[in-house]
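Use these hints to put chain W onto chain F, whose structure you have.
2 protein chains.
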Amino acid sequence: MALGLSACATNSDQTRPPRNPTAARFGGLNKPMSLRSTGSFFVGGRKATFTTLEAGLYRGGPVSVDQMYVEYLIPEAVTGPSIVMIHGATLTGKTYETTPDGRMGWYEYFARQGFPSYVVDQVGRGRSGFDQAGFNNVRGKIAPPESQRNFRRIADDLAWVRFRFGPAAGVSFPDSQFPAEAAAPLAMQSVPDIQPDPASDRANYTALADLAGRLQDSILIGHSQSGRFPFEVALLHPGGIKGVVAIEPGGCNSDGYSAGQISALAKVPILVVFGDHLDAPQSVGPNWLPFFKDCQAFVARVNAAGGKATLLHTPDMGIRGNSHMIMQDRNNLEIADLLISWVYRSVLKR
Amino acid sequence: MALGLSACATNSDQTRPPRNPTAARFGGLNKPMSLRSTGSFFVGGRKATFTTLEAGLYRGGPVSVDQMYVEYLIPEAVTGPSIVMIHGATLTGKTYETTPDGRMGWYEYFARQGFPSYVVDQVGRGRSGFDQAGFNNVRGKIAPPESQRNFRRIADDLAWVRFRFGPAAGVSFPDSQFPAEAAAPLAMQSVPDIQPDPASDRANYTALADLAGRLQDSILIGHSQSGRFPFEVALLHPGGIKGVVAIEPGGCNSDGYSAGQISALAKVPILVVFGDHLDAPQSVGPNWLPFFKDCQAFVARVNAAGGKATLLHTPDMGIRGNSHMIMQDRNNLEIADLLISWVYRSVLKR
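Chains F and W supply the protein sequences, listed in that same order. Heads up: the first sequence begins at 1 in our numbering, then just goes up one per residue. Heads up: the second sequence begins at 1 in our numbering, then just goes up one per residue.
Just chain F, same shape as in the assembly (with noise of 0.2 angstroms):
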């Protein structure tokens, strides 16, 4: 039943599908896309008073904080489960919007493909802002300035090797399927991301749950810093969700998981994808490779407590080059279209 089930994986049958970069694009890309609805609304959230009282709009009430923006498009013929896409770190929700290069991305082709398509910000990014006493506090001077959160961001030249585009800043691997004249425009799509800790990982699964609940069926996707959210928002809510996909996580947490919760996971239809050259060597900080091997270690604990979760490793594939930007990659479409084939195997024929 798996798809591109690496070697190290089990619980496979080995038929892979034809490999046809084109032939599953169904529907037309360039023709008009009929909506149903599109829209945004938001989930989650609490509300917080602030200590210090600025200047002009603020005043002492209540503000609202921990809210999740969401952003959706429903097509006219709904033929599948929702889809809900989580973007990973110094991103937002445009990571699955238009490719840096003007290409279609995951949220528009879900959609045309009949799938209900939902795009989140992460709690205290984009759209859903973020909780800001603690950073007017040490501008008042009542809180220290080492208690203000860490406001991080990811360099241009640092990205190219972080996210494996090339060996090094601006030379990229001979088969990437990253478009190297995006990079400029990735690097755009990039915002200040604050140090994230339980707190506020917390705040993201409760969010994600209350979407899960508010939709009837899901499947949750995250990317690197959020690879394994979908994984912590079925352990809290899992009703409605019918299956999680971890892009890229950075690694899956195989020791970390008790084995009430491994036997909770093996309920959900689960998919982890790998791009390619996750053992090239890197100066500026570890390769992939053990996040890799983190979860090839984790999908086998799944599937030997009798669950169904699939290692997808692009290059087992024969599809080489896949950067850690899998959804914008030149290839991006070929990509969801593997997604919606493990849709249609694991989750909508279990």
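A portion of the hints provided could be inaccurate.
Unchecked claim - To give an idea of the interface, some chain W residues facing chain F are shown, with a C-beta separation under 10 angstroms as derived from the structure:
(1) Met33
(2) Ser37
(3) Phe42
(4) Glu97
(5) Gly102
(6) Phe130
(7) Val138
(8) Gly140
(9) Leu158
(10) Ala169
(11) Ala184
(12) Ala305
(13) Arg320
Since the hints were derived computationally from the structure, they do not count as laboratory data. From the three backbone atoms N, C-alpha and C, an ideal C-beta is built for every residue, glycine too.
Here is chain W on its own, set in the frame of chain F:
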């Protein structure tokens, strides 16, 4: 030629279109919407490097700052110029999407009426992000706390009164058009807003001029804190800007513009819109009447210079109860129709 012209603003015939809240709901709003495309991109921006080296992600290279996120809906059949919408203080582009009580916003409505529809996040907020250097420098103790910029936010109870939903928090004007039940979801649209200064304003004008340069014909709409942005962009980059609209600006700078600037603004059709209850006494600060009067003076000055400026004060048209969040009021599409009517009368037929 003017539409709903205030008695104080001349250059008018007194013809009013018949008032019928549903007359102009062309196209059937519950029908599917056919889009040529939807997506997003960035404009403006510059490169910066940070002094502090944050743990984990940054590493000292260049990053993008001051870029502006733009999202768009392009209808299958385009029948008018592009409409660009800019949000106000403590808010993001979400302002123009689905209303807080779940109705259609201007972003979708303009697209359904045949206009390519663009919504931005101001530089410094939402998916546009900001330059975090000043914050991390304070955290790293290489800059003093008071050098850190203030994050503004508006408290729920203050917003209620300042946005003229009613005379006191939780109390609606009897004729209020703002859906009182939507005050809580509106509060979730608020994000931390770095106190503006001339540099941050300039970054927004530059990015918007970049956008106007890319669009062939565009009409820029500002709101509240960004109400005058379209004037500034038209002065910076007149090419391609076919009209500018200020929705409830914090005044119109009637004394501040030079004769040369007024002359330049007289070349562009201008619409200024204000809702109801401008003179309601406010315990929370100055009421809106001085801003309205300043805009009356501005409109008169532009028209005296041969311009075509219109002040649309909705009560003068017999439309009562509109709030500061007029694009979210119950009659928001009726107001949008007035804007569209102005486009046809004053922009396309000039």
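Using Cβ atoms only, decide whether Phe42(W) comes closer than 10 angstroms to chain F, and label the hint accordingly.
Holds: closest Cβ of chain F sits about 4 angstroms from Phe42(W), inside 10 angstroms.
Does Gly102(W) pass the interface hint, meaning its C-beta sits closer than 10 angstroms to a C-beta of chain F?
Cβ of Gly102(W) sits 7 angstroms from chain F, so the hint holds.
With a cut-off of 10 angstroms on the beta carbons, see whether Phe130(W) makes it to chain F.
holds, 6 angstroms
Could you check if Val138(W) really has its C-beta closer than 10 angstroms to a C-beta on chain F?
holds, 5 angstroms
Can you verify the interface hint for Ala305(W): is its Cβ closer than 10 angstroms to any Cβ in chain F?
violated, 33 angstroms
Met33(W) as an interface hint toward chain F, with CB separation required under 10 angstroms
Hint on Met33(W): holds, closest Cβ of chain F at ~5 angstroms, below 10 angstroms.
Is the interface hint for Ser37(W) satisfied, with its Cβ closer than 10 angstroms to some Cβ of chain F?
With Cβ-Cβ at 8 angstroms, under 10 angstroms, it holds.
Restraint outcome when Leu158(W) is required to lie within 10 angstroms of chain F by C-beta distance
The hint holds - Leu158(W) has a Cβ within 10 angstroms of chain F, the shortest such distance being about 5 angstroms.
Residue hint Arg320(W), partner chain F, criterion CB-CB below 10 angstroms:
violated, 27 angstroms
Hint validity - Glu97(W) Cβ closer than 10 angstroms to any chain F Cβ
holds, 4 angstroms
Given Ala184(W) as an interface hint, is its Cβ closer than 10 angstroms to any Cβ of chain F?
At 8 angstroms from the nearest chain F Cβ, Ala184(W) passes the 10 angstroms test, so the hint holds.
Given a cut of 10 angstroms on the nearest C-beta pair, is the interface hint for Gly140(W) held or broken against chain F?
holds, 8 angstroms
Checked against the numbered hints given earlier, the structure breaks hints 12, 13 and satisfies all the rest.
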